[in-house]
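J.: The residues making up each chain are set out below.
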Amino acid sequence: MNPTEAAKTIVTGLKGAGINLIATLPDVNLADLLREVEEDRELIHVPLCREEEGIGICAGAYLVGKKCAAIMQNGGFFNSNNAIVSTLLQYQIPLLLLIYYAGDVGDRTFSTTGSLTEPVLQALGIRYYIMRDPADAVELIKRAQVLTEDAKRPVALLLTKEVLGRRSALASL
Amino acid sequence: MKRFDCLKAVAAVAGDALVVSSAGAMTLEWNVLHPSDGNLRVRTLGLCSSIALGMALGLPQRKIIALDGDGSLLMNLNSLATIARMRPKNLIHIVFDNEVYEASGSKKTATGAGTDLVGVARAAGIKNSHWAKSIDDFALAVTAAMTGGELCFIGAKVTTERTEVPPYPIDEVENKYRFIRHVEKTENIEIFKTNLPASYG
Numbered sequence: 016m017n018p019t020e021a022a023k024t025i026v027t028g029l030k031g032a033g034i035n036l037i038a039t040l041p042d043v044n045l046a047d048l049l050r051e052v053e054e055d056r057e058l059i060h061v062p063l064c065r066e067e068e069g070i071g072i073c074a075g076a077y078l079v080g081k082k083c084a085a086i087m088q089n090g091g092f093f094n095s096n097n098a099i100v101s102t103l104l105q106y107q108i109p110l111l112l113l114i115y116y117a118g119d120v121g122d123r124t125f126s127t128t129g130s131l132t133e134p135v136l137q138a139l140g141i142r143y144y145i146m147r148d149p150a151d152a153v154e155l156i157k158r159a160q161v162l163t164e165d166a167k168r169p170v171a172l173l174l175t176k177e178v179l180g181r182r183s184a185l186a187s188l
Numbered sequence: 016m017k018r019f020d021c022l023k024a025v026a027a028v029a030g031d032a033l034v035v036s037s038a039g040a041m042t043l044e045w046n047v048l049h050p051s052d053g054n055l056r057v058r059t060l061g062l063c064s065s066i067a068l069g070m071a072l073g074l075p076q077r078k079i080i081a082l083d084g085d086g087s088l089l090m091n092l093n094s095l096a097t098i099a100r101m102r103p104k105n106l107i108h109i110v111f112d113n114e115v116y117e118a119s120g121s122k123k124t125a126t127g128a129g130t131d132l133v134g135v136a137r138a139a140g141i142k143n144s145h146w147a148k149s150i151d152d153f154a155l156a157v158t159a160a161m162t163g164g165e166l167c168f169i170g171a172k173v174t175t176e177r178t179e180v181p182p183y184p185i186d187e188v189e190n191k192y193r194f195i196r197h198v199e200k201t202e203n204i205e206i207f208k209t210n211l212p213a214s215y216g
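As you go down the protein sequences, you meet chains D and L in turn. Note that the first sequence covers residues 16 to 188 in my numbering. Note that the second sequence covers residues 16 to 216 in my numbering.
None of these hints come from the bench; they were simulated from the model. Be careful, since some hints might not be right.
Said to hold, decoys possible - Calculated cross-link-like contacts (lysine to any residue; reagent style SDA-like; alpha-carbon spacing at most 20 Å):
#, chain 1, residue 1, chain 2, residue 2
1, L, 208, D, 161
2, D, 157, D, 55
3, D, 157, L, 208
Only a predicted model underlies this, so the values are computations on that prediction, with no experimental measurement involved.
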């Protein structure tokens with residue numbers, strides 16, 4: 016899949032999982048995905064200035080009946096940690112986090128951010144799945160949404176260059 | 016102005032609005048004046064305005080009131096830019112500015128050193144942003160906001176005086192469930208769905 020096809024597939028997965036409000040902050044690798052989100056008239060798209068506010072926006076929308084997702088880079092996930100802990104975890108509010116995995120193996124930026132991403136998710140008790148194959152995206156998003164709703168905790172999907180159609184997959188990854 | 020008097024003015028016209036209030040003593044005062052399952056107490060300093068924005072976007076037919084403080088809003092100034100960008104017509108953002116971190120030892124905030132939050136809100140793009148000059152002025156502004164159909168930001172300089180009130184009666188999780196059940200009932204919608212166990216489907 017090319018980046019546009021991969022982005023369309025992910026948006027199809029989000030809508031198939033019932034998501035109807037998406038808060039985003041750009042990363043260059045998310046450009047195609049965010050364009051698809053922006054152009055979809057069925058989604059409420061909230062472009063953020065800082066990722067932590069997106070956690071609040073999604074929490075508020077959840078409390079009045081919306082199904083939400085937040086799309087950000089892992090640096091933005093770090094920015095959001097206080098809100099994730101003292102709002103999402105404290106109130107037991109579900110949220111699907113789609114986090115671009117900067118500093119993933121072979122990704123030539125932010126290796127420090129990459130090396131700390133999974134340990135921080137683990138420390139917070141947030142279950143996460145690394146998305147590699149665009150062919151799995153629709154089903155994985157659906158399953159992650161079921162999990163976050165049932166657990167009433169955030170669940171993270173780590174978006175790699177492979178799932179975003181920007182790099183070919185390796186058999187061992 | 017005294018915050019408690021301002022909150023009385025809000026309670027007089029709040030009706031069935033959903034009310035999000037920032038961490039601190041203000042929330043306890045509000046809960047005494049206007050006890051309702053449609054109140055949500057925020058525990059993350061700064062997040063009040065963003066949670067209220069999410070509610071306003073998710074339920075555009077319902078008035079949403081954010082009761083914010085200066086210390087809280089200063090921590091999330093970017094929320095003003097996002098609110099201005101989304102421009103929800105049903106959001107009323109009220110900031111009680113006592114120029115100190117009242118709940119955290121009363122150290123001076125940046126508004127005590129000159130930052131003008133109404134000026135920041137207006138410059139962020141919320142055109143309908145005003146300081147209330149007196150308690151009567153404040154009551155008029157809140158009433159106009161409740162009857163009007165426009166995003167608005169109301170600032171009120173208040174004293175640091177607290178009113179003695181009981182502690183908040185419920186924890187965060189009970190607050191969440193009560194709030195959602197209140198929205199379900201008053202909007203006639205279903206938010207919590209009873210899912211069959213996976214083994215059944």
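J.: Can you name, in rising order, the numbers of the hints this structure does not satisfy?
T.: none
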